[in-house]
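Enquirer: Be aware that the sequence shown starts at 1, since it is given in my numbering, and climbs by one per residue.
If you are wondering where the hints come from, they were derived from the structure by calculation, not from laboratory data. Fair warning: there could be bad hints in the mix.
Straight-line Cα separation of at most 25 Å, BS3-like style, residue types lysine-lysine; simulated pairs [as the list claims (entries may be wrong)]: (1) Lys160 with Lys110; (2) Lys248 with Lys232; (3) Lys229 with Lys487; (4) Lys491 with Lys231; (5) Lys104 with Lys267; (6) Lys232 with Lys491; (7) Lys229 with Lys118; (8) Lys350 with Lys110; (9) Lys118 with Lys267; (10) Lys305 with Lys315; (11) Lys264 with Lys104; (12) Lys248 with Lys229; (13) Lys267 with Lys160; (14) Lys160 with Lys264; (15) Lys110 with Lys264; (16) Lys487 with Lys236; (17) Lys236 with Lys491; (18) Lys270 with Lys104; (19) Lys236 with Lys160; (20) Lys267 with Lys350; (21) Lys491 with Lys124; (22) Lys232 with Lys487; (23) Lys232 with Lys160; (24) Lys80 with Lys124; (25) Lys236 with Lys248; (26) Lys160 with Lys229; (27) Lys160 with Lys231; (28) Lys270 with Lys110; (29) Lys267 with Lys110; (30) Lys118 with Lys232; (31) Lys270 with Lys118; (32) Lys160 with Lys248; (33) Lys124 with Lys248; (34) Lys231 with Lys248; (35) Lys124 with Lys487.
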Amino acid sequence: MKGDEMTMNKKFKFKMPSAYTVLVFIIIMIGILTWFIPSGHYAMDKAGRIIAGTYQQTGYRPQGIWDICMAPIIGMIGNKYTDGAISISLFILVIGGFLGVVNKTEALDKGINQIVYKLQGREKALIIILMILFSLGGTTFGMGEETIAFYPLLIPVMMKVGFDSLTAVGIALIGTQIGCLASTVNPFATGVASQTINISMGDGLFSRILLLVLFDVISITFVYRYATKIKKDPTKSLVYGQREADQKRFLQGFDENQAAETEKLTKAQKRVLFIFCLTFVLMIIALIPWSSINPNFTFWDQSVKWLTGIPFLGKLLGTDIVPFGSWYFNEITMLFIVMSVVIMFVTHMKESEFIEAFMNGMSELLSVAIIVAVARGIQVIMNDAAITDTVLHWGEMGFKSLPKTVFIILTYLFYIPMSFLIPSTSGLASATMGILGPMANFAHVAESTVVTAFQAASGWVNLITPTSGIVVGALGIAHVNITVWWKWMAKLMVVLLIATCVYLAVLAII
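Use the sequences and the hints to build the structure in full.
Expert: So this is what it looks like as structure tokens:
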């Protein structure tokens with residue numbers, strides 16, 4: 001009997017389906033709904049924005065099995081009703097290749113390692129500096145899985161100076177995920193969401209930078225206060241019961257002097273770090289809509305006009321150069337390819353090694369690139385059936401009487417359970433932003449604010465969700481039970497939730 005019970009338990013044990021399965025299921029459900037939801041359309045202004053109050057119903061355009069099966073394919077390449085996801089998917093692959101080349105040089109790992117060792121004896125400063133660095137990684141390129149390599153170093157260092165393994169996990173995990181929560185130009189969150197509703201990643205950039213600073217202060221203060229408390233009284237540690245085991249596990253044979261010696265940066269690696277930082281700085285500058293901020297900010301346009309007007313040199317460089325402030329996915333994809341090649345030359349990397357590193361990096365993000373296309377399939381079904389405007393019309397009826405603050409807070413709260421349901425940030429953005437972005441117009445809220453609400457909710461969930469490989473992996477290395485992590489994070493999660501709602505409400509009415 002016991003054997004049968006064990007077999008039954010294994011047989012009926014629930015396993016969360018993958019994001020692909022969830023998205024395909026949604027595509028099928030939307031396909032079925034097209035048989036019952038009427039088609040319709042809004043009038044558009046010259047900028048391509050819908051005009052409130054102009055909705056007209058036009059009948060029914062049900063989608064069949066063929067249409068449902070084709071939806072993910074059309075989601076990648078696009079058709080006359082829906083833009084394809086190929087530009088964002090290609091960019092995701094290329095940035096993966098770029099990171100693969102950077103990681104091949106070990107410059108990032110050794111750079112952070114050097115900071116750790118040089119700040120020994122100044123432990124509290126180490127917490128502040130590392131969390132800022134990790135948050136910058138999260139906010140710019142969605143740093144997450146890359147932190148797994150740092151825990152075997154951070155844990156013994158933190159324990160050596162009187163902290164605990166929980167502090168080490170908090171530095172990297174909270175640091176990166178707060179960066180993702182307040183993504184400024186993170187291509188997997190801000191990029192996909194912005195591209196889905198055809199706005200620049202630079203829209204709302206300054207408000208997201210402010211959010212990043214605010215939440216960095218909150219999260220660093222949280223970790224800093226906890227570390228200070230347990231340094232004074234180790235029994236206050238939430239993992240004090242395993243302290244002796246952790247010391248044997250992480251400190252036995254740990255020699256920081258020898259480790260520091262082997263982790264010194266070479267000249268080539270220093271150059272790689274400079275190129276790495278320069279690449280993201282250029283991307284940010286290129287994406288900021290300068291002329292939209294101030295019509296007099298025409299420096300980049302004038303510079304390109306002057307440069308391309310120089311005889312011979314202008315033609316040699318190319319007469320179709322796009323000035324900073326007008327870049328989009330095509331241009332920043334080119335930037336990361338060029339910078340990858342620059343790294344190859346400055347490190348004297350062999351061509352075969354470069355190709356291998358670039359392709360391996362691309363393969364790491366292949367699933368992300370494909371999931372964007374699958375998620376875009378939802379929009380394909382809705383647009384082909386012409387029910388997108390119908391759903392927007394329902395939203396107009398429901399949201400037109402809502403205050404701006406209520407709309408944006410409801411949007412944020414909507415994305416919290418959705419982030420559990422679809423853990424892929426890129427997939428969630430592609431699947432939902434096409435509806436919620438335009439709905440913001442009815443509530444008179446900027447579409448970029450909806451993007452901020454989406455990524456804030458996704459980042460909040462990713463701090464604690466057991467379906468995240470980053471969370472589970474970090475806690476596994478540190479031998480910290482996830483229930484202990486939840487207990488420790490509870491106060492911070494509440495503070496972040498309230499602070500986000502207040503920030504979004506203020507942002508909506510400005």
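Enquirer: Please go over all the hints and tell whether each is borne out by the structure.
Expert: Status of each hint after checking the structure:
Between Lys160 and Lys110 the alpha-carbon distance is near 20 Å, which keeps this suggested pair within the 25 Å criterion. With a CA separation close to 22 Å, the supplied pair Lys248 and Lys232 stays within the 25 Å bound. Under the criterion of a C-alpha separation no larger than 25 Å, the hint pairing Lys229 with Lys487 is consistent with the structure, at around 16 Å. Between Lys491 and Lys231 the alpha-carbon distance is near 20 Å, which keeps this suggested pair within the 25 Å criterion.
Between Lys104 and Lys267, the direct Cα distance comes to roughly 15 Å. Compliance with the 25 Å bound is thereby established for this hinted pair. This hinted pair checks out: Lys232 and Lys491 have alpha carbons roughly 21 Å apart, not beyond 25 Å. A C-alpha spacing of about 24 Å is found between Lys229 and Lys118, which places the hinted pair at or below 25 Å, so the restraint holds. For the suggested pair Lys350 and Lys110, the alpha carbons sit about 21 Å apart, so the restraint of at most 25 Å is met.
Straight-line distance between C-alpha atoms of Lys118 and Lys267 comes to about 18 Å, which keeps the hinted pair within the 25 Å bound. Between Lys305 and Lys315 the alpha-carbon distance is near 12 Å, which keeps this suggested pair within the 25 Å criterion. A hinted pair counts as satisfied when its Cα atoms are at most 25 Å apart, and Lys264 with Lys104 qualifies at roughly 16 Å. With a C-alpha separation of about 23 Å, the suggested pair Lys248 and Lys229 falls inside the 25 Å cut-off, and the hint holds.
Pair hint Lys267 plus Lys160 does not hold up; C-alpha atoms about 30 Å apart against a cutoff of 25 Å. With a C-alpha separation of about 21 Å, the suggested pairing of Lys160 with Lys264 holds against the 25 Å cut-off. A distance of roughly 7 Å separates the Cα atoms of Lys110 and Lys264; the hinted pair therefore holds under the 25 Å criterion. At roughly 13 Å between alpha-carbon atoms, Lys487 and Lys236 fall within 25 Å of each other, so this suggested pair holds.
Between Lys236 and Lys491 the alpha-carbon distance is near 16 Å, which keeps this suggested pair within the 25 Å criterion. Between Lys270 and Lys104 the alpha-carbon distance is near 14 Å, which keeps this suggested pair within the 25 Å criterion. Between Lys236 and Lys160, the direct Cα distance comes to roughly 17 Å. Compliance with the 25 Å bound is thereby established for this hinted pair. Straight-line distance between C-alpha atoms of Lys267 and Lys350 comes to about 17 Å, which keeps the hinted pair within the 25 Å bound.
Of the supplied pair hints, the one linking Lys491 and Lys124 holds, its CA atoms being roughly 21 Å apart against a limit of 25 Å. With a C-alpha separation of about 21 Å, the suggested pair Lys232 and Lys487 falls inside the 25 Å cut-off, and the hint holds. Simply put, Lys232 and Lys160 have alpha-carbon atoms about 14 Å apart, close enough for the 25 Å limit, and the pair holds. For the suggested pair Lys80 and Lys124, the alpha carbons sit about 56 Å apart, so the restraint of at most 25 Å is broken.
A C-alpha spacing of about 20 Å is found between Lys236 and Lys248, which places the hinted pair at or below 25 Å, so the restraint holds. In summary, the hint linking Lys160 to Lys229 is supported, as the alpha carbons are separated by about 16 Å, within the 25 Å threshold. For the given pair, Lys160 sits about 11 Å from Lys231 by alpha-carbon distance, which is consistent with the 25 Å threshold. Restraint check for Lys270 and Lys110: satisfied, since their Cα atoms lie roughly 10 Å apart, inside the 25 Å limit.
Between Lys267 and Lys110 the CA atoms are separated by roughly 12 Å; this keeps the pair inside 25 Å, and the hint holds. Annotation: proposed proximity of Lys118 to Lys232 holds, straight-line Cα distance about 23 Å (limit 25 Å). The straight-line distance between the Cα atoms of Lys270 and Lys118 is roughly 16 Å, inside the 25 Å bound, and the hint therefore holds. Using a Cα cut-off of 25 Å, the hinted pair Lys160 and Lys248 holds, with the two alpha carbons roughly 12 Å apart.
Taking the CA atoms of Lys124 and Lys248, the gap is about 24 Å. The hint holds against a cut of 25 Å. Of the pairs offered as hints, the one joining Lys231 and Lys248 holds, with about 19 Å between alpha carbons and a cut-off of 25 Å not exceeded. A threshold of 25 Å between alpha carbons decides the hint, and for Lys124 with Lys487 the separation of about 23 Å falls inside it, so the pair holds.
The structure does not agree with the numbered hints 13, 24 stated previously, though it agrees with the rest.
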